[in-house]
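> If you want the building blocks of each chain, they are given just below.
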Amino acid sequence: MHNKEKHIVIIGGGTAGCVAAGRLAREGYRISLIEKDKKPGGKINNWYQLFPDRRRSVEVTDYINKEIDHPLIDLMTGTELDKVKYKNGKFSISTGKSDLGQADAVLIATGFDLFDATRKEEYGYGIYDNVITSLDLENMFHSGDILTTKEEIPKRVGIVHCVGSRDEKVGNFHCSKVCCVTAVKQAIEIKEHIPDSEVFCFYMDMRMFGPYYEELYRESQEKWVVNYIRGKVSEVSENIEGRLVIKAEDTLLGKPIRMEVDMLVLMVGMQNAKAGLNLQDKFGIQTGVNGFFRIRDNHYGNNLSNVDGLFYAGTCTAPMNITDTISHARAAAVEITEYLSKN
Amino acid sequence: MARNFGFAPIKGRVIDFDRNDKRVFEYVLEREPSFALCIGCGGCAATCSAANFTEFSLRKLNILIRRGENDEVRKIVDRCMLCGKCTLVCPRGVNTRNVVFLTREAFEEFDNYAI
Ligand code: SF4
Ligand code: SF4
Ligand code: SF4
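Residue numbers (the working numbering), protein chains in the order written: chain F, 1011 to 1353; chain S, 103 to 217.
Only chain F is shown next, with the shape it has when bound in the complex (with noise of 0.2 Å):
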């Protein structure tokens, strides 16, 4: 098959490049993945169990990892790329460790980095002891022990959403999507690791936009009896006794709210990877106002960056679930097949 003899370089080894990966090696083309991590999976790999089903995470990741099981597909992990040359539609491509020769396309796939919740100083990261956020909350998850710092079971949590989105103070003006729905489900798993305890979301708008959302959302109060309010919190502090205070709007009623909390969870947005900003020099391309890679066009471009043979795949263009992900992924596997086929 005359594939064989084309070239394709993907950069980050996320669900995104690994999907495009196993996608374009089954229609016969040489791919060099190229991993910064010690392992593929990238983000998947941190969380416990996903939305909206709460399905155990590791099964995802299986799926993922079969998909690069080819061997069309090189995965250098533990690198990154060094240096590009661009010539005629064509790359040259250098890692740190060994030059990968020529590509007919480059898919960049390098996902993104959650906010930094230390940046939002009233909430607390890092000065309060039970300030967490979301990821460290799937950490605890993991070990299987909801504990406050004191190694006491928190009776009350609170779960602030649009930490480092929707927030023109940190410069981020997007809604990070997922967040919203990662709030109701931990609450839930919250409310099943602990059953007497109280669950606080602090929403700004409730943006249940994927298949099955709603109903977990639904599942959540009905089941769950977890509390929603509406209402952005201001401020957090400490009292004596070390419970964590924190003060919003009930904005439903038109009136302030405060409440104790033994801990607090900070749903972090997401941002473009750090990994992927620095490839911008280096390939010409560009970004959008919210930071993430701009696409050739919004309906039916979404695929394509700025320069002939390079393309986007995930959530380094925007925020996206772990579905929207695979689907944006394998889109971007039929727009490269189609380029090389014409070139």
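Please note: incorrect hints may appear among the correct ones.
No farther apart than 30 Å at their CA atoms in a straight line, the calculated lysine-lysine pairs in the DSS-like style are these [claimed, not checked]:
1) Lys-1257/F with Lys-177/S
2) Lys-1053/F with Lys-1187/F
3) Lys-1257/F with Lys-187/S
4) Lys-187/S with Lys-1265/F
5) Lys-177/S with Lys-1265/F
6) Lys-1160/F with Lys-124/S
7) Lys-124/S with Lys-1242/F
8) Lys-1233/F with Lys-124/S
9) Lys-1242/F with Lys-177/S
10) Lys-1107/F with Lys-1048/F
11) Lys-1165/F with Lys-124/S
12) Lys-124/S with Lys-1201/F
13) Lys-1233/F with Lys-187/S
So the derived list for chain S, only partly shown, Cβ under 8 Å to chain F, looks like this [unchecked claim]:
14) Phe-119
15) Arg-168
16) Ile-178
Just so you know, these hints were derived from the structure itself, not from any lab.
Heads up, the beta-carbon is just placed ideally off N, CA and C, and yes, glycines get one too.
The hints should help you fit chain S with the ligands onto chain F, whose structure is shown.
Using the frame of chain F, we list chain S with the ligands on its own:
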């Protein structure tokens, strides 16, 4: 006695959640589990005749009950005429009429034990 010297203690508007008494909420929720499903959309209040003529909103009442703002609940809960129109509108299937009914019942119950 109604003289205001400008330094009378004003009851703050802040919902002090930890001090508030949530027994009315618990009473209603236990007997009407659909109460947990309210999303504060206001459909009920939009259709309600009482809301159209008085300062009354079932949406607000629901939230006040949840927060344990019982003084306010007590002030407005009698304005509902139990007509049940709101129940026909609610997108979450909250048995709104029963919520009002149970709230009144809860007050009677607890008042007998003199809170
Ligand atoms: S998904 Fe929800 S929590 Fe996340 S940024 Fe959007 S509105 Fe905020
Ligand atoms: S039952 Fe009460 S709250 Fe509902 S529509 Fe009738 S008067 Fe309004
Ligand atoms: S219509 Fe139903 S969901 Fe909407 S505010 Fe009223 S009770 Fe709540």
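> All hints, please: hold or fail.
Each hint tested on the structure:
no.: 1; hint: Lys-1257/F with Lys-177/S; verdict: holds, 26 Å
no.: 2; hint: Lys-1053/F with Lys-1187/F; verdict: holds, 16 Å
no.: 3; hint: Lys-1257/F with Lys-187/S; verdict: violated, 36 Å
no.: 4; hint: Lys-187/S with Lys-1265/F; verdict: holds, 28 Å
no.: 5; hint: Lys-177/S with Lys-1265/F; verdict: holds, 17 Å
no.: 6; hint: Lys-1160/F with Lys-124/S; verdict: holds, 28 Å
no.: 7; hint: Lys-124/S with Lys-1242/F; verdict: holds, 23 Å
no.: 8; hint: Lys-1233/F with Lys-124/S; verdict: holds, 19 Å
no.: 9; hint: Lys-1242/F with Lys-177/S; verdict: holds, 28 Å
no.: 10; hint: Lys-1107/F with Lys-1048/F; verdict: holds, 15 Å
no.: 11; hint: Lys-1165/F with Lys-124/S; verdict: holds, 16 Å
no.: 12; hint: Lys-124/S with Lys-1201/F; verdict: holds, 19 Å
no.: 13; hint: Lys-1233/F with Lys-187/S; verdict: holds, 26 Å
no.: 14; hint: Phe-119; verdict: holds, 4 Å
no.: 15; hint: Arg-168; verdict: holds, 7 Å
no.: 16; hint: Ile-178; verdict: violated, 12 Å
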